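K.L.:
If you want the building blocks of each chain, they are given just below.
Protein chains: 2
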Amino acid sequence: MPELRHDPVQRRWVIISTERASRPQEFAVERGQGATDRDTCPFCPGHEEATPPQIGAFADPDNPSAWKVRVVANKFPALRIEGDLERAAVGQYDRMNGVGAHEVIVETPHHDKDLADLPVEDVAAVLRMYRERIIDLQRDMRFRYILIFRNRGAAAGASLEHPHSQLIATPITPRTVSVELQSAREHYALKERCIFCDIIAQELGNQSRIVAKDADYVTWCPYASRFPFEMCVAPLRHDADYASLDDGRLFSLARHLREVIRRMKASLNDPPYNFLLHTAPSYHLLNRRPGYWSTIEMDWHWHIEILPRLVKTAGFEWGSGFYINPTPPEDAARFLREVRFPAD
Amino acid sequence: MPELRHDPVQRRWVIISTERASRPQEFAVERGQGATDRDTCPFCPGHEEATPPQIGAFADPDNPSAWKVRVVANKFPALRIEGDLERAAVGQYDRMNGVGAHEVIVETPHHDKDLADLPVEDVAAVLRMYRERIIDLQRDMRFRYILIFRNRGAAAGASLEHPHSQLIATPITPRTVSVELQSAREHYALKERCIFCDIIAQELGNQSRIVAKDADYVTWCPYASRFPFEMCVAPLRHDADYASLDDGRLFSLARHLREVIRRMKASLNDPPYNFLLHTAPSYHLLNRRPGYWSTIEMDWHWHIEILPRLVKTAGFEWGSGFYINPTPPEDAARFLREVRFPAD
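If you read the sequences in order, they're chains A and B.
Counting with the working numbering, you get residues -7 to 336 for the letters of the first sequence.
Counting with the working numbering, you get residues -7 to 336 for the letters of the second sequence.
The hints are simulated quantities; they were obtained by calculation from the structure and are not laboratory data.
From a predicted model like this one, the values you see are computed outputs, not experimental measurements.
Do not take every clue at face value.
Identical copies carry no separate label here, and so any pair may be met within one copy or between two of them.
Said to hold, decoys possible - The calculated lysine-lysine pairs, modelled on DSBU-like cross-linking and capped at a C-alpha distance of 35 Å, are: (1) 205 <-> 105; (2) 183 <-> 205; (3) 183 <-> 60; (4) 105 <-> 67; (5) 304 <-> 105; (6) 183 <-> 105; (7) 183 <-> 67; (8) 105 <-> 257; (9) 304 <-> 205; (10) 257 <-> 67; (11) 304 <-> 67; (12) 183 <-> 257; (13) 304 <-> 257; (14) 60 <-> 257; (15) 60 <-> 105; (16) 205 <-> 60; (17) 205 <-> 257.
With these hints in hand, go ahead and build the complete structure from the sequences.
P.N.:
Listed below in C-alpha cells is the structure:
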C-alpha cells in the first residue's frame, strides 16, 4: 500500500509508492519511451486485455472494441482506490495511507497521433471524458482534489508513446493548487473580483502576451512564466468548474486547445510537453470544513497550463523554488502568434 | 538586464533572463553536456582567459596559474551585480530589476574528477571557498539570500563537465527557503527548540533512515523524501550559519560529505545529482525588517540536500507540487549504508 508522508520543514506531502522501481539497479539505465510499436502497445485496439480493468469508454454499444476513448486504472497506481483514509503521527511526522484514484485516459485508438493531430470532434470526446471522470470521482468524499494531466514525450515523463492523459484523485489538496486557491480567495475577499478575470482583462488590454483568442477562450503566456513558451488557457467568461461545461463549450475548447498546441508544436519542432487542468475542488467538500465559508464559485476560474519541456530543471530551481526562464513571455507569445501551423 | 517577475496567483518570483537561449530554434536540439574535452574546457588550467574575470582563488602567490580552487563570474549570469534594486508595479503584477550575483566555483584543476574523487583536503578547500564567498556577499545589503548549489551530469542540468559549483545571491528570499524558515521559526516559537535538532534526534533514535554518522555530522534519507535516494546532511550540534564554521569543522564536513557522495555513486552507478546548501540568510538583514524579530540563530540549522536525478518530473508533479517517490527512504538508506564504496 502506498503512503502519504508530510515533511514538517518543507510542509509538503509526498507519495511514497512501492509499485514502481525501487531497488538501485532499476534506476541504473534511464528508462526511455517504452512500447513504441503497435505490436506491444497496451493501449492499441485489440490489446484491451493488456490493461487493467476498463473504467469507462466511448464505444459503439454493438461493437465494444470499436472505442474512441477508453479509461482504465493505471497499471502502476501511485495511490490505491480501496480503503478508508487513515491519518497517524509518526513521532513529529505525519502519515496518511495512500488512498486515491489513478486512471489513464487513452485518447484515441491511433497509436501515433498526438491529441493535436486528431479531428476536433475526437479532441472534444477526450475533453468530455475528462468531465465524466471528474463528475464521477467528485462523489467520493475521500478525495479533496482531482488533477488531470498529460505527459507527452519521454522528456516530459511519458513512459508510453500512445496518446493518453492521466487522472489522480488525492486525499489532500496539492500544494500548488492550494496556493492558487488561497490567492484567488484572498483577492476575492479584498476586491470581490476573480483574480483570473482581472489577469485576463489586463492581458487582453496589453495584448503582448496573447497567443490566441476566440469567442469563448483565450490563451496567453503568463507574465511570470516559469518555463519558455509556457501557456495558460482559460474561458473568457468567468467559470469555476470544468465539470459544468456543456458539450458546446467543450467542442469550442477542443478547437481552441488544438490550435494552441499546434502553434506550440510548429514553433518548437514538436517538443515534449505537459498539460495540467486546474479545476475547482469539489464544492461540497470545501463547505464542510469547520469555520470555512467558500466563495469558490466566484473566486476560482478553471484553466489549463501547457508547459513545453525545453530546459532542464537544475540545482538552483530545486534549492530555491525560483525559476530562471530564458525566454521573455512577450517573445514567446509573438512567435506562437505568428507561426504558420498546419490547419486541417 | 534580466528582471524578476512575480506571479500573483502562484505567488512565485521568476527570473526572466535574456542572456541565454531565447529563440525557438535554439531549443530545437536539446543541449547536452558541453565541452567534454580538455582542449576546449574553459575551466581547465591554461584556459583562464576563457572565463569572465576571476573573483577569487586559492593559488600559489608565486605562481597564480597553479590554482586549487577558482571563482569566476558566470558567463551567462541569471542576475547582474550592477545597479540598485528597483521595484515597480506592472498593472497588478510586480517586477524588480534582476540585481544579484551569479558565480562559478571551479572546484579543481582536474577536468574529470568529481568532488567525491578528490583528496579530503581538496574537498575542504572547496568548502572553505563557499564560506569565503558567502561572507563576502553577505556584506551586500541588496541580497536577501545566497544559495550555493552543484549540478553534476547533464540530466542534473550541468552544461559543463568540469567539476564546479555555482552561487546565486538573490534580492528576495527564494520560496523554498522561506517555507523552511517559516516552519523553523514557528516551531521555535511554540517549543523553543530547533525543528532540525528535533528531526535529527528522531532519526538517530529510529536509525532506519540514517546513512552515515560521525562525531560532527549526520546524513539521513528524509522521512518524506521527494526523490529516490535523496539525502540530507547536517551538523549534529546546533548551528545556524555555515559561514561561521572554522577550518576544523569544514575539514570534518569534507570527509563526511565525500563519504556520502561516494556511497551514492557506488549505489546508483554514478548518477546525475544536485546538491544545495541551505544556510541562514544574513542576520543583519532579517533584523531590519519592520515588526520582525528574528530568532534565527536558535531556530535555523544549516543543512545540505543531495538529490540524485533518477526519475523525471512529469505533469503530476508540475501541476500539484506533490511528488511520487518510488523508493521508501528506509530502503534507500539501507542500500546507502550497506554499499561497498571505494575508500582512498
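K.L.:
Hint by hint, note whether the structure agrees.
P.N.:
Hints versus structure:
{"no.": "1", "hint": "205 <-> 105", "result": "within (25 Å within a copy, 53 Å between copies)"}
{"no.": "2", "hint": "183 <-> 205", "result": "within (26 Å within a copy, 54 Å between copies)"}
{"no.": "3", "hint": "183 <-> 60", "result": "neither (45 Å within a copy, 58 Å between copies)"}
{"no.": "4", "hint": "105 <-> 67", "result": "within (22 Å within a copy, 41 Å between copies)"}
{"no.": "5", "hint": "304 <-> 105", "result": "both (26 Å within a copy, 23 Å between copies)"}
{"no.": "6", "hint": "183 <-> 105", "result": "neither (45 Å within a copy, 58 Å between copies)"}
{"no.": "7", "hint": "183 <-> 67", "result": "neither (46 Å within a copy, 45 Å between copies)"}
{"no.": "8", "hint": "105 <-> 257", "result": "within (13 Å within a copy, 40 Å between copies)"}
{"no.": "9", "hint": "304 <-> 205", "result": "both (30 Å within a copy, 33 Å between copies)"}
{"no.": "10", "hint": "257 <-> 67", "result": "both (29 Å within a copy, 31 Å between copies)"}
{"no.": "11", "hint": "304 <-> 67", "result": "both (28 Å within a copy, 18 Å between copies)"}
{"no.": "12", "hint": "183 <-> 257", "result": "neither (38 Å within a copy, 54 Å between copies)"}
{"no.": "13", "hint": "304 <-> 257", "result": "both (19 Å within a copy, 21 Å between copies)"}
{"no.": "14", "hint": "60 <-> 257", "result": "within (24 Å within a copy, 47 Å between copies)"}
{"no.": "15", "hint": "60 <-> 105", "result": "within (13 Å within a copy, 54 Å between copies)"}
{"no.": "16", "hint": "205 <-> 60", "result": "within (28 Å within a copy, 57 Å between copies)"}
{"no.": "17", "hint": "205 <-> 257", "result": "within (18 Å within a copy, 50 Å between copies)"}
Checked against the numbered hints above, the structure breaks hints 3, 6, 7, 12 and satisfies the rest.
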